[in-house]
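Number of protein chains: 2
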Amino acid sequence: MVFKRHLFRRAVILGTGLIGGSVGLALKKNGFAAKVVGTSRHEASLRAALSMGAIDEAEMDIHKAIVGADLVVLASPVKVIQENIRDIARHLRRNCIVTDVGSTKVSVVHTAEKYFPPHVLFVGSHPMAGSEKSGVAHASADLFKGASVIMTPTSKTNRLARDKIKHLWTKFGADVSMMEPARHDEILAFVSHLPHLAAFAIMHAIPEEFLGFGSTGLKDTTRIAASSSKMWGDICLSNYRNVLRAVDGMAGSLAGLRKAIVDKDEEAVSQYFSQAKARREGMEKK
Amino acid sequence: MVFKRHLFRRAVILGTGLIGGSVGLALKKNGFAAKVVGTSRHEASLRAALSMGAIDEAEMDIHKAIVGADLVVLASPVKVIQENIRDIARHLRRNCIVTDVGSTKVSVVHTAEKYFPPHVLFVGSHPMAGSEKSGVAHASADLFKGASVIMTPTSKTNRLARDKIKHLWTKFGADVSMMEPARHDEILAFVSHLPHLAAFAIMHAIPEEFLGFGSTGLKDTTRIAASSSKMWGDICLSNYRNVLRAVDGMAGSLAGLRKAIVDKDEEAVSQYFSQAKARREGMEKK
Chain F
1 MVFKRHLFRR AVILGTGLIG GSVGLALKKN GFAAKVVGTS RHEASLRAAL
51 SMGAIDEAEM DIHKAIVGAD LVVLASPVKV IQENIRDIAR HLRRNCIVTD
101 VGSTKVSVVH TAEKYFPPHV LFVGSHPMAG SEKSGVAHAS ADLFKGASVI
151 MTPTSKTNRL ARDKIKHLWT KFGADVSMME PARHDEILAF VSHLPHLAAF
201 AIMHAIPEEF LGFGSTGLKD TTRIAASSSK MWGDICLSNY RNVLRAVDGM
251 AGSLAGLRKA IVDKDEEAVS QYFSQAKARR EGMEKK
Chain C
1001 MVFKRHLFRR AVILGTGLIG GSVGLALKKN GFAAKVVGTS RHEASLRAAL
1051 SMGAIDEAEM DIHKAIVGAD LVVLASPVKV IQENIRDIAR HLRRNCIVTD
1101 VGSTKVSVVH TAEKYFPPHV LFVGSHPMAG SEKSGVAHAS ADLFKGASVI
1151 MTPTSKTNRL ARDKIKHLWT KFGADVSMME PARHDEILAF VSHLPHLAAF
1201 AIMHAIPEEF LGFGSTGLKD TTRIAASSSK MWGDICLSNY RNVLRAVDGM
1251 AGSLAGLRKA IVDKDEEAVS QYFSQAKARR EGMEKK
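Chains as they are written, first to last, in my numbering: chain F, 1 to 286; chain C, 1001 to 1286.
Everything labelled a hint here was simulated from the structure, so no lab data went into it.
If you're wondering where the values come from, they're calculated on a predicted model, not measured in any experiment.
Be a bit skeptical, because a hint or two may be false.
[As the list claims (entries may be wrong)] To be clear about the criterion: a stretch of chain C counts as covered by chain F if any three or more of its residues have a C-beta under 8 Å from a C-beta of chain F, and this derived list gives those stretches:
hint	segment
1	1189–1200
2	1230–1242
3	1252–1261
[Claimed, not checked] In silico lysine to any residue, SDA-like type, Cα no more than 25 Å apart, as pairs:
hint	chain 1	residue 1	chain 2	residue 2
4	C	Lys1264	F	Arg86
5	F	Lys230	C	Ala1278
6	C	Lys1079	C	Ala1044
7	F	Lys219	C	Gly1252
Ideal Cβ placement from N, Cα and C applies to all residues, glycine included.
Please take these sequences and the hints and turn them into a complete structure.
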């Protein structure tokens, strides 16, 4: 599909943090928007986004920001995204395309399909490009290069909105795949939420006076425990059924290992480790 | 303490893998040994160590290798180290200094103190410089630069042996600390063995068809699951009491988080994450 250079006249990013700021930089680098407007609850974040050139215009008032918008990107933690949807739903112009960057999709897509009127064209996105760093200071137009973006269109999704948003992410350098919101949340509970929760749990399990002896293994394994606790609280609670399944899977997996150790079953311990090692090495080849 | 340049005439490394090979390279770089002899069960590993210059002489027969040795470095997985000790104990010359690089210390030190006669001077070491990579191909004279080395002298340890081995590690660029073997094993169960086991357990918990969606968070968290499964089997079984305590600590920690999620207790979830985050950030400052 061929689109004209300025896909959008007024792109509005609600939440100018790491991801929102990077979307702004990438929109501008690709010339996709005649004007990029950013909003944030935090004035400092907004000022930083402006001075970095991630947005052309800063606005504290969401309702003022969205007037005339033909693209809105919801780039806050999941809970705030849902509040934003309820807040702006009735105030968007006809054919405004809306996407989000939330880490869980069922609750966001559900809220969007419930509150947006039919003339607002929503499609869910999840760019898997975060890190333990947060804030617009770490934003980059290249953040999405080589990253996976999962989009979650449903039977209600407008096809043009889907194609335009896919075009954006693809031009930002991402590999875009499409799946059902429920499937997204199930997969992410295991490949993303679980490792985060495990990292947090390891940090809790280690007696504080031992931490000074932690080496690269511990540091790498728990790097993501320095991630935003607010964001991860939101993710856990908005995807709690899948998260619980993943946590139970991990607990069951640890219990199996525990039994092999208690039994001093060298064969079982060794098999457990070599299977895990083979799976991990398989990931590098993909 | 001042030592002459050639601290040792014949240094013998039993096990020329990543750590053993790096010890060889570092001994030679520092001119600490007139001759470095290596042994391995794997001829290819021995040949590689020789061609990399990690050893001057390769020997498949351990008993031939140790004739005349005044330094022996036991650099195999913990179980093999213990076999080596029993094997060579009665064949070492008077005042030969022996150290090891094993990841657990109680079982190694116990075996050494049981089998070595009083004229063999043993002191335990644990250079925390491994990685998920193994094999002499990744060895480097600089592997120990900035790494922590924990030495575990006991009341039976000869002071000269302790000082000479400490001198070696220090000159290799490591930060050396001393502690009781039991204390070492307790601490390492939490800061090293637990993150490894958690990484293995995460790889088991994730359905195989989801692995392709794993992003940097998962990759970093489970990087160490690609570690040698043989070595980790040995570690778990030789330090099983502490390892079980650590695994139980992790399971309890996950159960606490699980409860907060089931209760949808935003405050508890957020507190759990922010405490873990603060601990993790504290580690970077050390």
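Here's how the hints hold up against the structure:
Here the segment 1189–1200 of chain C counts 10 residues with a CB under 8 Å from a CB of chain F, which clears the bar of 3, and the coverage holds. Coverage of a stretch by a chain is defined here by at least three residues with a beta carbon nearer than 8 Å to that chain's beta carbons; for the segment 1230–1242 of chain C and chain F the count is 6, and the condition holds. Under a criterion of three residues with beta carbons nearer than 8 Å to beta carbons of chain F, the stated coverage of the segment 1252–1261 of chain C is upheld, 8 such residues being counted. Restraint check for Lys1264/C and Arg86/F: satisfied, since their Cα atoms lie roughly 22 Å apart, inside the 25 Å limit.
Annotation: proposed proximity of Lys230/F to Ala1278/C holds, straight-line Cα distance about 13 Å (limit 25 Å). Between Lys1079/C and Ala1044/C the alpha-carbon distance is near 21 Å, which keeps this suggested pair within the 25 Å criterion. Between Lys219/F and Gly1252/C the CA atoms are separated by roughly 21 Å; this keeps the pair inside 25 Å, and the hint holds.
The earlier numbered hints are all upheld by this structure, with none contradicted.
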